[in-house]
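Given these sequences and hints, build the entire structure.
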Amino acid sequence: MKAILHTQYGAPELLRLQDISKPTPKDNEVLIKVHASTVNRTDCGFLRGKPFVTRFMSGLPNPKYTTLGNEFAGEVEAIGSAVTSFQRGDKVFGYDDAHFGAHAEYKIMAEKDAITTMPSTMTFAEAAPIAEGAHYALCDLRAINIQHGHKILINGATGAIGSAAVQLAKYFGADVTAVCNTKNMELVASLGANRVIDYTKEDFTTISETFDVVYDAVGKSSFGKCKPLLKSGGIYKSTELGAMWQNPFLALITPLLGGKKVLFPIPTISKDDVAFLRDLVEAGKYKPVIDRQYPLEQTIEAFRYVESGQKTGNVVITVA
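Take 10 as the starting number for the sequence shown in my numbering and just add one per residue.
One or more of the hints may lead you astray.
[As the list claims (entries may be wrong)] The calculated SDA-like cross-link candidates involving lysine to any residue, where the alpha carbons are at most 25 Å apart (straight line), are:
| # | residue 1 | residue 2 |
| --- | --- | --- |
| 1 | Lys11 | Glu22 |
| 2 | Lys11 | Arg151 |
| 3 | Lys160 | Lys294 |
| 4 | Lys234 | Ala252 |
| 5 | Lys59 | Lys35 |
| 6 | Lys35 | Leu14 |
| 7 | Lys11 | Tyr314 |
| 8 | Lys234 | Thr219 |
| 9 | Lys280 | Met131 |
No wet-lab data here; the hints were simulated from the structure.
Since this is a predicted model, take the numbers as computed values, not measurements.
Laid out in structure tokens, this is it:
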């Protein structure tokens with residue numbers, strides 16, 4: 010089978026399209042013929058091995074898993090003898106940031122892991138980006154305990170995480186103020202934002218309104234700058250570590266002080282989570298935003314585009 014490989018950490022130019030052996034599922038696994046995947050911030054971090062802490066999961070000194078791609082949509086081609094919830098021909102999607110492997114024609118997943126059947130109305134390319142950004146947003150919003158009537162400001166509302174966070178926060182009943190650039194204001198409003206701030210014209214950290222939650226989905230702010238925006242007992246959450254890894258440290262210290270605080274939950278995803286996201290898609294409550302599509306052979310170009318910081322939503326890889 011064809012797969013995109015990288016054997017050392019570094020730039021996208023290190024990626025190579027090669028033929029490798031097709032995997033065989035164990036008793037508890039399914040073999041998926043991949044039709045679509047994505048390139049996202051997680052892939053880029055594991056490609057470069059940055060921040061360095063990722064290498065404790067991905068391998069020291071070289072990558073342990075040489076094919077990236079943590080999201081996928083495809084068809085079940087074979088099942089192990091103990092598998093009961095899938096059959097050959099099932100259309101499925103899922104997420105795997107433990108082993109990656111979706112930038113290839115075939116991928117193995119354990120039946121119990123984050124994989125489920127696709128929404129019936131979606132194509133493979135539409136289903137592939139359901140989980141990555143949304144599972145980060147879902148994990149964070151659950152940790153925040155977002156409630157009906159809460160006021161939340163979401164910075165970076167056009168990324169994979171931010172665009173999912175807008176939709177999920179609305180689903181949970183929050184009043185959403187979203188921050189994005191001029192060209193995407195209409196898109197973000199269509200996702201459900203009650204108010205949209207154009208960061209090219211207004212610095213959101215200087216507005217007089219206060220919020221229960223400030224959620225930075227691109228990690229370009231800080232607790233110090235956003236603290237005046239928080240109500241008493243309000244919560245700041247960033248998807249990045251922050252300067253000098255301040256956000257995990259502040260997440261340990263600020264809850265002990267009894268006032269405004271930082272949260273930094275460890276992201277998790279389960280089979281129930283992907284099923285929940287599928288149900289939201291089918292109910293019309295969530296739809297991943299797609300920017301561009303690249304064929305597998307142009308994966309390097311896809312990584313370059315994602316690393317440019319200019320993408321809106323998700324970048325899809327199609328596999329012939």
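- Query: Okay, which hints does this one fail, numbers in order?
  - Reply: 2 and 5
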